[in-house]
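A.B. asks: Sequence:
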Amino acid sequence: MRGMLRELPSRWLGLLVATVFWCLLWGGFSASDVLGGLVVAVLVYVLFPLPSMAREVTLRPLAFVWLVARFLWDMTVSAVQIAWWAVRPGPEPPTAVIAVELASRSDLFLTFTAALSTLIPGSVVVEAQRATGTLFLHVIGVGDEEGAEQARERARRQELRLLRALARGEVLEGAGLR
1 MRGMLRELPS
11 RWLGLLVATV
21 FWCLLWGGFS
31 ASDVLGGLVV
41 AVLVYVLFPL
51 PSMAREVTLR
61 PLAFVWLVAR
71 FLWDMTVSAV
81 QIAWWAVRPG
91 PEPPTAVIAV
101 ELASRSDLFL
111 TFTAALSTLI
121 PGSVVVEAQR
131 ATGTLFLHVI
141 GVGDEEGAEQ
151 ARERARRQEL
161 RLLRALARGE
171 VLEGAGLR
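Once you know that position 85 of the sequence shown is 85 in the UniProt record's numbering, the rest is easy, because the numbers rise by one and skip nothing.
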């Protein structure tokens, strides 16, 4: 426990973000909200320690900007498609559950890829298999094998952009990107 308390200064950014989210949840930035958020953040960090991500993550600024820009573009395009399917006359769009085998076996990047895939309208992760590095996605607008392969390729490209933006060399090598 003392070791965790000694590490708190090095986790200042996480504590700050957690405190800000706490204040947003409570709807204000009063002194009591900030202090309460800080106390909760410290308790969470001490009682539920997370492994360090420093072994797997490094920031490549240009690749990160490309990741964010392309993610926002994909979100916009998907949102327009979903909105169109919701208001157009005619039958419901076809749906499918597809398996996507990812390049990386990192739990961290499996989780990040799953989160990014779920945030894009029209797809949601229904299962993630850690042992095989496979995501199972429920996708809208996929009615045949060609559409399923296109959806798989979109998820794989999302993972590759994520790896190029944030993965350390060892993770890239493990994914066959170096």
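Hints may contain errors.
Derived Cβ-Cβ restraints for the label pairs, each shown as a range [said to hold, decoys possible]: (1) S30 / A79: 17 to 27 Å; (2) V80 / V34: 15 to 25 Å; (3) T118 / W12: 22 to 32 Å; (4) G90 / S10: 52 to 62 Å; (5) P94 / V17: 37 to 47 Å; (6) G176 / F29: 43 to 53 Å.
Quick caveat, the hints were computed from the structure, so don't treat them as lab data.
Where a beta carbon is used, it is the ideal one built from N, C-alpha and C, also for glycine.
A.B. asks: Each of the hints needs a verdict: does it hold here or not?
C.D. replies: Right, here's what the structure says about each hint:
1. S30 / A79: 17 to 27 Å: Once the Cβ atoms are compared, 35 Å apart, the range 17 to 27 Å for A79 and S30 is violated.
2. V80 / V34: 15 to 25 Å: 39 Å, violated
3. T118 / W12: 22 to 32 Å: Holds, at about 29 Å.
4. G90 / S10: 52 to 62 Å: 56 Å, holds
5. P94 / V17: 37 to 47 Å: 40 Å Cβ-Cβ, so the 37 to 47 Å window holds.
6. G176 / F29: 43 to 53 Å: 46 Å, holds
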